[in-house]
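Undergrad: Spelled out, the chains give:
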Amino acid sequence: MPKDVNREDVQRLVLSGAQLIEVLPPEEYSEAHLPGAINIHLKKLDAQTAKQLDSTLPIITYCYDFQ
Amino acid sequence: MSSRAAWRLESLGFSPVYRYVAGKRDWFAFGLPMEGEFASILKAIDVVRRNVPTCYLTDNVSEVYKRCQEAGWQVCLVVNEANIVLGRLRGDAWRAKPDTPIEAVMENGPTTFRPDNFLEPLIKRMREKKAGSVIITNSDGVLIGLLYRKDGEERLERY
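If you read the sequences in order, they're chains B and R.
In case it helps, the working numbering puts the first sequence at residues 1 to 67.
In case it helps, the working numbering puts the second sequence at residues 68 to 226.
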């Protein structure tokens, strides 16, 4: 079950190698995103697009806010 | 969206998966780094003065006034132990009796802005409201500093 994390958790997890995934549309990602984040729009998220992720590392998903 | 994406990734076999539910709005409003096209646009954090003097509710007017005068400031921000902004002192507040507690004369709950606010519209709004300065805090209300309109105008002219 995915676990909710806060800002401090994100900073800590990223330092230990977690992958940041922004799931908003590419236009919104291009405007502004967290450092090092990659973009996989929720509508495009499937086994194929997820191949770019490292399955051995933790993953953090985020969008704009509490949506 | 982040929750559905996290569940979807789990269904694809990834683990552990976390969801940062507060999202990038929370991240940027806290003044943390940004990448992308907006990263190069001037923001409040780029011109904020971080050395604005602060005081506590229980301090008295005379000691705070003296400290601010010595540091060359006409304004002082009232914070708590966690550096959360509670009020502001300026103008007539300084004319109170010397032993008056700050709490009795401060302006309660002054308007604050976030460090990721774009500078140009913020300065425009300050002009419209005839505001010479605004307080910048992170999304938790923690003081970052004071932004002077003239600093912002000068920076925009050079930009």
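Each hint should be verified, as a subset may be incorrect.
Stated by the list, open to error - In silico EDC-like pairs for lysine to aspartate or glutamate, Cα to Cα no more than 16 Å straight-line: (1) R:LYS196 / R:ASP159; (2) R:LYS217 / R:GLU77; (3) B:LYS3 / R:ASP113; (4) R:LYS191 / R:ASP166; (5) R:LYS191 / R:GLU220; (6) B:LYS51 / R:GLU77.
Said to hold, decoys possible - Quick partial rundown of chain B residues pointing at chain R, CB under 8 Å, derived from the structure: (7) PRO2; (8) VAL14; (9) GLN48; (10) GLN52; (11) SER55; (12) TYR64; (13) ASP65.
As the list claims (entries may be wrong) - Restraint-style ranges between C-beta atoms, simulated for each label pair: (14) B:GLN11 / R:GLU104: 21 to 31 Å; (15) B:SER55 / R:LYS191: 40 to 50 Å; (16) R:ALA138 / B:SER55: 49 to 59 Å; (17) R:ARG194 / B:ASP4: 12 to 22 Å; (18) B:GLN11 / R:ARG71: 18 to 28 Å; (19) B:ASP9 / R:ALA138: 18 to 28 Å.
Simulated from the structure, these hints should not be mistaken for lab results.
Values in this document were obtained by computation on a predicted structure and should not be read as measured data.
Think of the CB as a built atom: it goes at the ideal place given N, C-alpha and C, for glycine as much as any other residue.
Undergrad: Next step is simple, just say for each hint if it's right about the structure.
TA: Evaluation of the provided hints:
1. R:LYS196 / R:ASP159: violated, 19 Å
2. R:LYS217 / R:GLU77: violated, 51 Å
3. B:LYS3 / R:ASP113: violated, 34 Å
4. R:LYS191 / R:ASP166: violated, 39 Å
5. R:LYS191 / R:GLU220: Between LYS191 (chain R) and GLU220 (chain R) the Cα gap is close to 9 Å, so the pair holds against 16 Å.
6. B:LYS51 / R:GLU77: Judged against 16 Å, a Cα distance of about 13 Å means the pair holds.
7. PRO2: holds, 4 Å
8. VAL14: Given a least distance of 10 Å, the restraint on VAL14 (chain B) is violated.
9. GLN48: Status violated, d = 10 Å.
10. GLN52: Given a least distance of 12 Å, the restraint on GLN52 (chain B) is violated.
11. SER55: holds, 6 Å
12. TYR64: holds, 5 Å
13. ASP65: holds, 4 Å
14. B:GLN11 / R:GLU104: 21 to 31 Å: Holds, at about 23 Å.
15. B:SER55 / R:LYS191: 40 to 50 Å: Distance hint for SER55 (chain B), LYS191 (chain R) holds at roughly 48 Å.
16. R:ALA138 / B:SER55: 49 to 59 Å: holds, 55 Å
17. R:ARG194 / B:ASP4: 12 to 22 Å: Given a distance of about 41 Å, which is not inside 12 to 22 Å, the answer is violated.
18. B:GLN11 / R:ARG71: 18 to 28 Å: Hint holds: Cβ distance 24 Å, inside 18 to 28 Å.
19. B:ASP9 / R:ALA138: 18 to 28 Å: Between ASP9 (chain B) and ALA138 (chain R), where Cβ atoms are some 38 Å apart, the hint is violated.
Hint compliance for this structure: hints 1, 2, 3, 4, 8, 9, 10, 17, 19 are not met, and every other hint is.
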